[in-house]
Amino acid sequence: MVFTTALNFVRSRGPDEFWRKRKIFKLAAHFIGRRRNCYSIAIRNVHRALVYATKGRQLKKEDMANLWETRVRAGCEQHDIPYDTFKEGLTRCDILLNRKVLSELACWEPYTFKALTDVARRRAIDDGLKGATSSNDIDRILTRGSLNKT
Amino acid sequence: MSSLKRVQQWATFARIWHIYNAAWQNPFHSSELIKKYLMGMYKPIYHPMNDCGDHVIVINSKEIALPGDEWKKRVYFHHTGYPGGATWTLAWELHQKDPTMIMKKAVYNSMDGNLQRRYTMQRLHIFPDENVPKEFLGNVTNEIKQLRPMPKRLDCYPEKDVKEFPKVIDYPEDYVIR
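Line by line, the protein sequences give chains A and B.
The numbering used here puts the first residue of the first sequence at 1, with every later residue one more than the last.
The numbering used here puts the first residue of the second sequence at 151, with every later residue one more than the last.
If you're looking for bench data, these hints aren't it; they were derived computationally from the structure.
Which residues of chain A face chain B? A few of them, derived with a C-beta cut under 8 Å, are:
id, residue
1, 71
2, 75
3, 107
Beta carbons: idealized from backbone N, C-alpha and C, even for Gly.
Kindly generate the complete structure, drawing on both the sequences and the hints.
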């Protein structure tokens, strides 16, 4: 709620019924029907809406995390590397990108994402992680492990 | 927008047709796989409000394999809405009535119940056998790999191959093969 003057906010806490109710009605301004006009109904719905808003702040984060993971999994599947192997391979290469950035790369920068899967696959094969299949693209990538071996 | 970018966008958002052979597959595990293609969750551009789902043709739904004794134990519930209108149908009965129904319900139940679910289901085409209309088959560009490989039965091999297959022993003359 926006108070254009500090004076109005001071009033809205006070004993004056009009200003006290006005604060609630302002929050209920976008409701439909009697919810926005009758105080006793409006206050109930405002309380409910504030509860939803509180819960929603956490839910939004979880939903976004789920979406990012779905996208990264889809990208990994296209390049034939399991998600867990991909993440572990990147971590061992000290490429510490989070799921948000990885999903954006998978969506908007598919070639960059493919390079990342190649790096992770090279590392996974060198370290003997499960689920990584060899391909010609990773021959040009060197890791510390592959240097030690040869 | 250059013509290359335009074509790239068409290619990205074009609907793809997949085909899945349900013979000898567990419908409840397959439904998780099919759902992924129906909703477009296998694309990195996936978003719940982004219309990027594909079409899936399921063939041979008559030949699905339910695990264990589920043909006898799994029950499908239906209510007509009238008093006493509840019916419980066993899986084998439902399969006899409509060989596509178990597969359809498995996919339907694997998705979250939201407004999009019924529209997503419209992109699923199930056929009890391999008779798929020509105009459907012409669209197909991808085959979804079966969850379990289908072994070839002995009676499907030509008789010549069976006879010429190398043997470890010869059966004794008086051995009775049942």
